[in-house]
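Turn these sequences into a full structure, and let the hints guide you.
Residue numbers (this note's numbering), protein chains in the order written: chain A, 1 to 229; chain B, 1 to 110.
Hints listed in this document are in silico derivations from the structure and should not be mistaken for laboratory results.
Result set (DSS-like, lysine-lysine): computed pairs, CA atoms no more than 27 Å apart in a straight line: (1) A:83 to B:84; (2) B:38 to B:102; (3) B:73 to A:6.
Going by beta-carbon spacing under 10 Å, a handful of chain B positions derived as facing chain A: (4) 26; (5) 28; (6) 30; (7) 48; (8) 49; (9) 50; (10) 52; (11) 73; (12) 74.
All C-beta atoms in this analysis are idealised placements derived from N, C-alpha and C, irrespective of residue type, glycine included.
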Amino acid sequence: MPDWQKLVRRRLSGLVLEPAERAGVIAELAAHLEQVFEEWREQGLAEEEAIRRTLSQVEDWQDLCRRIQTFRTKENTMNDRVKQLWLPGLLTFALSMGLQELVQKFGPKPLILSLGKGTPILMFYIGWLLMLPLAGALGACLSKRAGGSVRMVLSSSLFPVLPFAVVFLIATPIGLMIGNSLAHHIVTVAFFTMALGWVLAPGAALFVGGLLVQLFLSRPLDSRRIANS
Amino acid sequence: MIGSGIKRGTGELAILSVLEEGPLHGYEMARRIEAQTKGALRFTLAALYPMLYRMEQHRWIRGSWETSDNGRKRRCYRLTPSGKKKLVPLRKEWEELFGALKRLTKVAHA
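Below is the structure:
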């Protein structure tokens, strides 16, 4: 019986992976070929014919090597994530910040929420909130075009508020703990209003844009994926 | 002739479907698919492993080395929660596509 590991190693000599990764691939393919070979032998084929038929499992070793290289290289996972999440997300973030700047300079006056004594605690730029679905839709669209899953698509559209959401998730319990010994009702109200202004309201606007893209683009893209995947 | 896109789509569906029944290594998977499709779908090593690695990269399946009863080491693949989620819409898409093609051919023959 041939040494299948040696044979596969020689034919995949161009495979450039981490040593352990490469050894794993070679061992896996060799084990597969060995089982195919044994099956042919059990069916009564002579060794030479069994080897010939086993090797016919791979017509082009160079092509196989290239395809394995593509899918076993970790860079590609990173590239996918960059294309499906980071790039669309950062563009959404940049667009939402740019829109906010424009609205602050040229838009109508903000809606100001204040406490009972008239102290302003939150400003809502309504014009900005109305434009945010566009930013969310852009992020979702780019992620969708890069083959992003529903989770990636919606995360890309919500990307600008995610850092604030994380900060609030961490800061709220800490703030409430501190506020427990101080004026806890003020801390709670302050956190709620800030979360509303920084996370919930813009998040909802971005989400609307992302959801619309997801709903309207999913059907044609799914059909296209069947043909192109 | 069936195009490579269609072949890959059916291949992914076939792999996810057999792995839904339980973990398998590559050779078993190829045999199982061939048997269950009565030979209509056959995977050579060259077709199977790049697809498995691609699906593993997408985290639809996960491979791990296991030792069988006869002492042989085999890389077994199992469906991940993400793969299970992927299988549902994939099945639906293919059912819709085949349904549409069936209707189309019926109309063409009418």
